[in-house]
Every structure is written in structure tokens, then in C-alpha cells.
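Take the sequence shown: its letter number 223 is residue 219 in my numbering, and every next letter is one higher.
Derived from the structure by calculation, the hints contain no laboratory data. Note that beta-carbon positions come from the ideal geometry of N, C-alpha and C, so glycine has one too. Be careful, since some hints might not be right.
Said to hold, decoys possible - In silico lysine to any residue, SDA-like type, Cα no more than 20 angstroms apart, as pairs: (1) 476 / 436; (2) 439 / 262; (3) 439 / 556; (4) 29 / 317; (5) 29 / 271; (6) 29 / 308; (7) 439 / 253; (8) 439 / 282; (9) 499 / 539; (10) 148 / 21; (11) 476 / 287; (12) 29 / 336; (13) 198 / 269; (14) 308 / 247; (15) 499 / 529; (16) 391 / 403; (17) 621 / 592; (18) 357 / 397; (19) 319 / 287; (20) 29 / 104; (21) 223 / 271; (22) 370 / 397; (23) 308 / -1; (24) 234 / 250; (25) 87 / 109; (26) 319 / 344; (27) 439 / 465; (28) 386 / 422; (29) 439 / 263.
To be verified - With beta-carbon atoms standing in for the labels, derived distance ranges: (30) 302 / 424: 43 to 51 angstroms; (31) 454 / 302: 47 to 55 angstroms; (32) 492 / 363: 20 to 28 angstroms; (33) 164 / 454: 33 to 41 angstroms; (34) 420 / 17: 26 to 34 angstroms.
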Amino acid sequence: MGTLSQADEAQLKAQLQDAVVGCTERGLYHSAKWAAELLDSLPAPDDHGSDTDVDSPMSDAHPPQTPHLMPKDATEARLEAREAHKFLLAKTYFDCREYDRCAAVFLPGPLPKQAPSTPNPKSKQAGKGKAKMGTPTKASFSHHSISSLSQKSLFLALYAKYMAGEKRMNEDSEMILGPQDGGVTLNKELPGVSAVLEEWFKKLPSSGRQPQGWLEYLYGIVLAKGKNEQLAMDYLVKSVHQYTYNWGAWQELQALLNTMDELNHLVTQLPQNLMTFIFHVTTSQELYAVNDQVHNSLSQILTIFPTSAFLKTQRALLHYHNKDFDDAEQIFSDLLVSDPHRVDHLDNYSNILYVMGMRPKLAFLAQLATATDKFRPETCCVVGNYYSLKSEHEKAVMYFRRALTLDRTFLSAWTLMGHEFVEMKNTHAAIESYRRAVDVNRKDYRAWYGLGQTYEMLEMHSYALFYHQRAAALRPYDPKLCMAVGQCFGKVGKVMNGIRAYKRALVAGSYYDAGVGSSFGSGEVSGLGGGILDPDVLYQIALLYERIHNMNDCAAYMELVLAQEEGPDADEVGAEGVGGVGVTATTSKARLWLARWEYMRGMYQRAMELANELCQDGVEVEDAKALVRDIRARMERPGGEEGY
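With these hints in hand, go ahead and build the complete structure from the sequences.
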């Protein structure tokens, strides 16, 4: 994807402007904001070379007319013109968050009650009994009133009903993780909205009207809420084909995808345009698929929108997932300078600062976010991370609860609150927090890993193994997760499976350093690189071989542990070379094991060398001195010379 021609750029501007207007008219404010920010990030025309005043008759700066890019059939145009004054009234109610009042402008009666896309086998009998009592049923609902509405007005009315249900659902919900909080409060308007849309789409082919993509988008949301994910995906694909620049539809599609294979299969069904390109990059980021291809694709999109904060944030998140914290922090820092009032994704920025141990900068970020908007979930997470870094875990939990009170689907808050409960040794609350995080987003490997770690603390290793495997399936090349799987396999007695998992961790290649600022659940480690293997992983492999009495392989891996002290030779890794890990507790344990192994084999000279090295290291000194005494006593006996 190269630079756009002047005609293509003008077309793109017109499409984005149309998207901003169309989304705003329908109350889709986040999608409108996204399109407007993308529109603003297009390169501005170069007017600096002209000295002609803009108001002068000689000026050639004529504002281009924005074409209406969504062709309407005559029926829709006529209906919209007839409903214009009512639509304005309904829209003002919607903007004032009077959702029921907004819906009543076009749909004054109650909606039919029917489960989303699920026929009720008792509907006939129940309908007869309820009709006598005057309760509205599907039969008593007039679909003629819906067919006489434009798609624009019908969308606003049904979306207002949906929002009214969401509002009541939040009002009816109990305190976060309170005694009555079951997490199963439902939007009671979903069945009615689904029934109306199902009937509307059933009659669409015979009506002769052209679909516009907006009602398909709403139906996709309702179906996804009702767990009918495949049908939801079908309608969302129809939506993006009919109206490409509704970012909300792409986000709903993104939430339904769980693997890169599913994404690659779906892309073949999507329109081949710029929005699909952006969707592929952002979904790859959400699925932690960090590779050169994704970075190159993002670079190409940035040539079209060079100042887009959204796209730069995607770059920062790619670095974050790849544990390139310095690069990610620099991008977020630059974004904060260019737009200090932007709160989006500041929770991710605070996670990076937390892991890097940058407490002063995290404190500044917390103050800035609070001054901008203290009642945003992102702000609450930033402040919660700040208190967590200060080890004030109760205050951190309070702010994460506040974030979830504002938005129960805010994933970061559930996961971070789980980490805090683990720090407070409240394992039951931690498990519930992680479960809620998984309910919100099954692709969050941190929540799965947190569940595994918490069950390990409870010594329920079979449960821990299941959750660690789920986490590792989402991040197959994360050595930390492979290591956790190997540890659980060892605890449940599946030794060979554990060895394979640990070897996979070696292939993924990372040396874990707890570092400043890391805590449970941060999941961030730094790698030495340069061909150095993690001595802890090598040592665990050796111990597993010892459990199955494969002493030769055990000894070989213990030798590998010792080899990591010095690191590879300079000619193997380049002219500069790389230092080893030095003497650590793990390498000292391996040296002690090897010394005893050589002693048992009668290789006293080698055992003495290893034991003396242990005495010099200052680790395991007493055991080493006792071994030296035993070796000397054995060597001083007649016939106690070392055998070969």
C-alpha cells in the first residue's frame, strides 16, 4: 500500500466525513470520534507557499463539497424527509440519555418478547394465556409501524431501547464482587430488539429496500450478546460490506475472533479496502501476533495517516506485547506530549511504567489523568497501578473497583484487581476477578495465567495446569508460560510432558530477571539474548530427568547450567561477546549436584574441583565443606585413588 493519489485521498476524506456524520446521527459517538481523529490525521494540504489571502477573490481555496457516499433508494429518502422533525426530537432525547423517551418517538408500544434467534416452543400456549391478561405478545405487536419507518429512524429507536436496557442492567447490578454480585445481570431489552430485527430482515427481500449496514450492525451486537456468535459474525460481515467506515462493527467482529487462523479465514470474506487492512493489523495486535509483517503493514497505513494517535498506539501495544518496553514507553510519552488530554489506553501506559519501575512518571501520569477526567476507567486503573507500586494494595483495589463500577467490561481492571488480591493473599477474590476477566475477553492470557498461578498457590495443580495451558495456547512463544506448564506437569507426575514443556521454553528463549518493579502477574521479564539459556529452566529439566532415573541426561543439563555462568564464546556471538549470568543460587545448586555425582562415580578429582569452587562462591558453603572432607577422607584411604 503506497501513498494515495490526490483523487483517492479526496475520496477517503469524503468517506471519513460521511462516517463521522452518519455515526453521530445514530448515537455511535465512539465510532464517530475514531473516524474524526483518523480524518484529522490525514496530511493537510500545503498552503504555505501561497501569499493570497483566503478571503480574496483571487484565492483558489474552494472547500470541496462532500458527496453523499451512501446512495439511498427513493423509499428511504422519502421516509427520512417525512420523519425529519421527529428524528431531530428523538436525537435530542438520545443525547440527553433519555433512551426510553427517544425510542417512544418512533416505537410508542412495547416490543415483542422473544429470545434472540431462539424460537420459544411454548410461545403459542403462553401467548394465549398472556393475551387474556393484556400482556403484549409478538402477535399483538404491529410490524406495520416498523415497515413504515426509515432504516435511520428504526436504528435510532432500537439502539435507544438497547441502551436503555444496558442502563437498567448497570443500575440493577450489585456492588463489584459484593455478596450479591453474581455477574449474571442481563439486558432485558435484548429479546424485544432481536425479535423486531429478525422480523425486519425476514421481510427485507420482499420490501424492495436496500440495506444500509446499520441495522445489520445492531443485530450483530444483539446476537453476540445472546451467544449466537456465528450468526452475529455473518451479520457483522454484511454490515461492513454495506457500510465500511463504521468502526464499531469492526470492533464487534474483532471481539468474536479467538485465533489468527480465524482471522485469516475471515479476511477472505471482507471487502478488500483500507478498513480491512486496519482491521487486520489491530486484530493481530489483540491476538498478540507480533511479527515483522504486522509492523510493516502498520508502517504502510501510517504513511496515509502520519499523525494518527490511534495507529501510533497500536505500534506501542505491539512493542508492549513483545516486551520492548523502552520503545513502547517512548511512543506513549510522545503521544502524551502531543495530546495531554487523551485518556485512551493510558491504562496500558501505566502498566508499562509499573513494570519499568518508573514511579515518578507514573505519579505524574496519575495526576494528569485525574485532572483530565477522574471518572474514566482508564484513569482509575492508572491511579490503582500507582498505589500498587507503592504496595498500598487496599487503595489499589478500591480504584480498580471504581473503574469496574464505571464499566463492568473494562478488562484491565478485572485482571489488575486479581493481581492485587493475590498480593493480599485473598485467593478466592483473585480467582473470581480473573474469571470475570476471562468472561469479558477469552483472549486475555494474563487472566488465564493468573488463574493458573492462584490455583498453584492453593496446591491444586491439575486446575493450575489447565489454566496455564490455556494461557500458553494464546501465547505459544512466551517462555514464561511454557515454563509454568512444565512446572505443573512435574507436580502432577507427567514428567516427560514437563520436560517437553521446559524445552519449549528454552526454544522460545528468555532469561527471567525479576527486576525492579515487577510483581505477581506483571508477566514481564527481560531477556539476556546472545545465546544464553535460562539456567533455571535447564536446572528444572535436569531435576525431571533425575526423577525418571535418567542420570546421564540429568548430568548433561547440570553441565549446561554451569556453562551459562560464562556465556558463549565471543566468536560465537560476535566481536563484542556477551557476558554470562555469573554465579547464581541455581548454578551453585547445579555445581553441588555435579560434585556429589562425580563423588558417587568415584571421580574424586573433578568432585574436589567443583566443591572448592562452591567454597569460593559463597553459596552452599557448608555443604561444600562437608563434601570436601568426605572426598579427602576417601582419597586418603589405601586404594582410594580416582578411577578412570
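So, going through the hints one by one against the coordinates:
no.	hint	verdict
1	476 / 436	24 angstroms, violated
2	439 / 262	17 angstroms, holds
3	439 / 556	36 angstroms, violated
4	29 / 317	26 angstroms, violated
5	29 / 271	16 angstroms, holds
6	29 / 308	16 angstroms, holds
7	439 / 253	9 angstroms, holds
8	439 / 282	8 angstroms, holds
9	499 / 539	13 angstroms, holds
10	148 / 21	9 angstroms, holds
11	476 / 287	19 angstroms, holds
12	29 / 336	17 angstroms, holds
13	198 / 269	29 angstroms, violated
14	308 / 247	18 angstroms, holds
15	499 / 529	11 angstroms, holds
16	391 / 403	19 angstroms, holds
17	621 / 592	12 angstroms, holds
18	357 / 397	23 angstroms, violated
19	319 / 287	13 angstroms, holds
20	29 / 104	31 angstroms, violated
21	223 / 271	26 angstroms, violated
22	370 / 397	14 angstroms, holds
23	308 / -1	18 angstroms, holds
24	234 / 250	15 angstroms, holds
25	87 / 109	25 angstroms, violated
26	319 / 344	13 angstroms, holds
27	439 / 465	13 angstroms, holds
28	386 / 422	19 angstroms, holds
29	439 / 263	19 angstroms, holds
30	302 / 424: 43 to 51 angstroms	50 angstroms, holds
31	454 / 302: 47 to 55 angstroms	51 angstroms, holds
32	492 / 363: 20 to 28 angstroms	53 angstroms, violated
33	164 / 454: 33 to 41 angstroms	37 angstroms, holds
34	420 / 17: 26 to 34 angstroms	49 angstroms, violated
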